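Turn these sequences into a full structure, and let the hints steer you where they fit.
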Amino acid sequence: MLPFILKRLGLAALVAFTVSFISFSLLFLSGDPAAALAGETASGEDIEAIRRLYGFDRPMLVQYGEWLFQALRGDFGESYYFKLPVASLIADRLSVTMTLGVCGITFALLTAVPLGVVAAIRPNSIIDRIALFLSVAGQAMPSFWFGLILIVLFGIKLRWLPPSGASTWQHFIMPTIVLGYYAMPAIMRLTRAGMLEVLNSDYIRTARAKGAGEGRVLFKHALRNAIIPVVSLAAVQMGFMLGGSIVVESVFALHGAGYLAWESIARNDLPTVQALILIFSMFYIIFTFLADVLNAWLDPRMRSS
Amino acid sequence: MALQPTIDPLLEEISGPTPRQILRKRVRGHMGLLFGLGVVLLLVVVAILAPVLAPHDPYLQDLGNRMVKPIFMGGTWEHPLGTDHLGRDYLSRLIYGARVSLLIGGVAALISGVIGTAMGVAAGFFGGKVDAVVTFLINVRLAMPVVLVALAVVAIMGGSLQVVIGVLGLLLWDRFAVVMRASTLQVRQREYVSAAQAIGASTPRVILSEIMPNIVNNLIVIVTLEMAHAILLEAALSFLGLGVQPPTPSWGLMVSEGKNMMLFEPWLVLIPGVVLFVLVLAINLMGDGLRDVTAPESRS
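These protein sequences, in sequence, are chains A and B.
The letter at position 139 of the first sequence is residue 139 when you use the working numbering, and the numbering goes up by one with no holes.
The letter at position 193 of the second sequence is residue 1193 when you use the working numbering, and the numbering goes up by one with no holes.
Heads up, some of the hints might be wrong.
Covered by chain B, according to a simulated footprint, are these stretches of chain A (three or more residues, beta-carbon under 8 Å) [to be verified]: (1) 17–24; (2) 72–85; (3) 90–102; (4) 140–151; (5) 223–231.
Chain B residues, not near chain A, derived (Cβ > 12 Å throughout) [unchecked claim]: (6) R1066; (7) H1085; (8) V1107; (9) V1154; (10) R1188; (11) I1207; (12) G1241.
To give a feel for the contact side, a few chain A residues facing chain B, derived at Cβ under 8 Å [unchecked claim]: (13) L29; (14) L134; (15) V136; (16) L276; (17) I277.
Think of the hints as simulated: they come from the structure by calculation, not from any bench.
Every value quoted in this text rests on a predicted model; they were computed, and no experiment measured them.
Even for Gly, the Cβ is constructed at its ideal location relative to N, Cα and C.
Written out as structure tokens, the structure is:
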């Protein structure tokens, strides 16, 4: 088990390192970050001054090395727009995004797993068809549009929920549904496929043959085995969802890290954007690493691959 | 009466339906595929014939006729789907918007398809170090938040159609690489590949004439799914103001422009969203359907 974990850890670190380099160099795409920062009306002298102030006149690799070294110590520089340390700026807003992510994946699991199980017990039944429809529709629904429809319906027409903001738990209900619905189709399909496979296996027939009750067969024997891949998929989806929260947060004006990312991109706030890309990537890398380890722990056959 | 066609398996094989006939029958019996194909073809025709079909110029502003209601809300046939906040005909913008969505979705899927297929086939065919490098690159790509990176690049490079297409094309190759790698691994084990290699066929020849024809079905399925993915992403980028720029008619941008008036005129948001939903749904159903009819055994 330990060699497997160490190998995966090394790979994760290498991926993180590569991503950090890409997210840093992305901002040199424009050719001259100093000119972009100074704005269109700036004179040549202004641009030159900014170039020296922020150290853009040095070789890119030197700048990257310095940025990475400081990022490893938790220092992402100062935001051009807010004039505050980027690290504290992000730390303040991460709790909103994390809350949203946890609520979203919980909602997705609580709806997708039961639907998937029922769909697998009765294939081609009306519930199976509804579940399939929900998952096909979920993949085709633009999340920003789904959010707006919910706002009009429940926030404005019916006045059941606050349309935007993040001050109470009610504010998180609609964003949770929108973000969770995004992860639901994949989880439901995997649960259904896993249950179908497990229910046809020999040990389920044995369990039934020895007279175990249907509830016991389903939950103790079948679901336990079918849920293993679902758990790791949920971890991966969680990583995707945090990255996808940028759309949901901006629709609901939820001031989390995703909203900050959108603001920073619109304002050309390079250090904040670089840090956010790296942090969202790190979340994905950590979650997939945990999913790999969890998988290997639950299923020893996975350790060799 | 010695020859009973239904009993003799050999004769059954000779006189039975050809693979092409079986495929045609499966396609005819697949409602999802027929619906998806129909809607996609319809929208492609609409996009191509946009100048003929659109009742008005999609860019023409008429500030005296702002936010005219659509026909089903008491409007007139002059503007069947009403007008937007600048008095532009909504139906015409919707029709030209189909061009933007289909062009971006199609070309982005093509670019990412070429990149991902090349990587996946190379990884699956050569294995070893090539495979390790490709798998690593897939992991790196998956770790990067797509929406965030796309937004940042568009913000830096400017929101032209070419930039949006390029960014999406360079970001969405991961699923192509994953699926093509797995399919190539499978096909490579077959005897006809070994046979081709044994008679001295060159590597490019083996890949092009032995491997590719046998994985092209999977490729087509991924092309459709990634096209849908790219269309949704373009809409999201444009909605956030960092995709296709005004006054180009993009469905995501139309939702964004209608957002401020959605309290009083919810149809401004509803109409482009529904069209977007229907197009993506149709492309997905087409992709799922193609998988069902070409490889029914892989249905889950």
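* Asked: Which hints, by number, does the structure contradict?
  -> 2, 3, 5, 9, 12 and 14
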